[in-house]
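Chemist: Assemble chain H onto chain G, guided by the hints.
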Amino acid sequence: MNIQPFIDGFLITLQLCILSAVGALTLGALVAALRVSPIPPLRGIGTAYVTLFRNLPLTVVIFFFAFGFPKLDVENQFFTHATFLKIPLLSDLLQPLGMDVPFFRFAVLSLTIYTAAFVCEAIRSGINAVSSGQAEAARSLGLTFTQNLRFVIFPQAWKYAIVPLGSVIIAMLKNSALAGAIGGVGGDLMGTADSMLSDPEAGAASLLTVFAGISLGYLIMTVPLGILLDRVEKKRAVAR
Amino acid sequence: MSVLYDVPGPRGRLISWIVTIGSILVVAAGLIWGVYRPLAKPVTDSMWDLAPGPEGQFTMARWGILIDPNNESFGLVWQRLGEGWLATFTAAALAIVFSLIIGIGIALLRAQLRGVRGRRYTNRPPVASALLRFATYSGTGASRFWVEFFRGLPVVVTIFLVYRILAQYGLDFEDQMWFLVIGLTLYNSVVIGEILRSGMDGLPHGQHEAASSVGLSIGQSIRLVQLPQALRIMLPALISQIVVIFKDTSLGQIVSFDEALRTSRGIVEFFGAADSPAIPMYFMIGVMYIVICYGLSKLAVYTERRLSRSGMPPAPPAMVTMDQTGAIS
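Protein sequence lines, in the order shown, are assigned to chains G and H. Under the working numbering, the residue at position 124 of the first sequence is numbered 124, and the numbers go up by one with no gaps. Under the working numbering, the residue at position 327 of the second sequence is numbered 327, and the numbers go up by one with no gaps.
One chain only, chain G, in its complex shape (with noise of 0.2 Å):
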């Protein structure tokens, strides 16, 4: 049984997870301070925003990117191929391994929109549970919004929504498997073993064989950092 097909497939996996990943928190960061922020409007995109994403599966924004896009403009690939995040630098990091496939864009930019939704919800649980005193003390300083955040709330805010943050980062990495079966990506974990199991040639042993290799590929990612979590999380509920 050849390994490298699953090691190729474990890499492209782990590069899509770190690009959406460090989107997703970008992102996320981004809506959570606007659900907070003193001005209405901002609010209502913040929690439009979350609303709308978090209620909606991602198999669903998955096919409205992979097969909705390539039915616009097809004209100048703006988004046939997502070419608006043909980035220089970051374009170099988007092929994955060296081919450059839309699918991949796509994949990206879905996990990416997805879960910012939920990485602003872990962040906005986090400022929610530090107690209201700090940032009424913060306030009666005459500390601006601003400042209140960045000084007080933010610095132990983090450390309630660190936890939470890491399970969000989690379920991402198994929610990657999803633009492997459904998004096209190929050549990914799942795309593997997808592509693999299509192969008329693989017999029953190789099935077992396969499904081996793919799981091992994710838990390597998960089960260690759940476990990480649940060891923060003890500390955290033995400091309180």
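Keep in mind the hints are simulated off the structure, nothing from the lab. Here the structure is a predicted model, which is why all the values come from computation and not from measurement. Among these hints, one or two may not hold up.
[Stated by the list, open to error] Derived lysine to any residue pairs resembling SDA-like cross-links, with alpha carbons at most 20 Å apart:
1) G:K234 to H:R144
2) G:K159 to G:T51
3) G:K235 to G:G166
4) G:K234 to H:L203
5) H:K298 to G:A48
6) G:K159 to G:R43
7) H:K41 to G:F64
8) G:K235 to G:A129
9) H:K298 to G:G44
10) G:K234 to H:P204
11) G:K235 to H:D201
12) G:K234 to G:S132
13) H:K298 to G:T47
14) G:K234 to H:R114
15) G:K234 to H:E148
16) H:K298 to G:F64
17) H:K298 to G:F53
18) G:K159 to G:D194
19) G:K234 to H:K41
20) H:K298 to G:G166
21) H:K298 to G:K235
22) G:K234 to H:V287
23) H:K298 to G:R35
24) G:K235 to H:G202
25) G:K235 to H:P204
26) H:K41 to H:I24
27) G:K235 to H:L203
28) G:K235 to G:I220
29) H:K298 to H:R232
30) H:K298 to G:S132
31) G:K159 to G:Q134
32) G:K234 to H:R232
[Stated by the list, open to error] Residues on chain G that point at chain H, a partial pick, calculated with CB under 10 Å:
33) L14
34) P38
35) P40
36) L52
37) L58
38) Q134
39) I170
40) L207
All C-beta atoms in this analysis are idealised placements derived from N, C-alpha and C, irrespective of residue type, glycine included.
Modeler: Just chain H now, kept in the frame of chain G:
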């Protein structure tokens, strides 16, 4: 009114108004030129030409099958969509019921095993006591492995695994739905088991101490005292997980089960590339999912409020958020 900022003064109100108007303009411009224009008119040179073009997405040729009752395909499309949603609801209901039952079973088993851990069974003959201790250890290990394995695996992989491996060993269902239901149950029962376990862990120690002091056995204490309370405390998290199960039924694609999403994909492919109704179709499906899931999650918020009023101890904070953010996972 949040605790994070004061009631705005005159300057604050001015800034607020400016940002309000600015953000409304930015959002409107974004919606018009970022979403509407590319959809309505993909090929034109003028930026200000906003009327929907014939090759754009806002044509009756694309939307007619969904919104025009006079369209010849209207009735058929909605009939197929209705069948698709019915299939989605059936699969979701079955997966939810099975996940809850098996999840409660897993929680009971793991709590029971934890309760008898380290017990030496000195009142039994040596062979029986050794066997019982061995059974406890191996049961603990096996259930731990089972939980970690299925919790760590993407639900997509689980469904795919069920589909391919069961088919390999000749277990073939008439209805593809069962592959989806079994796959979802495998994953979600484990997650529900963990939710309930953390709910039981979060109970005050006095609960099981009181239970054993009135002479209840470990099993009785779990069944009669701890589990009912855990179910109530964790109700919001359980409802969130039910929303997750509902969302995950959209994975029917993998096992070629015709639920709502796959049905609509079939319809899109049926109408071909020329006037493809892809955007209207997926838009419709998205709206329906949002409405249903939003309703369900409002129910979660409502029960959370009811529970916090009724003097139950609150759920362990990190756990609730974790499961609400557990996403499609």
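Chemist: Which numbered hints turn out to be false for this structure?
Modeler: Violated: hints 2, 6, 12, 16, 18, 19, 20, 21, 22, 26, 28, 30, 32 and 33.
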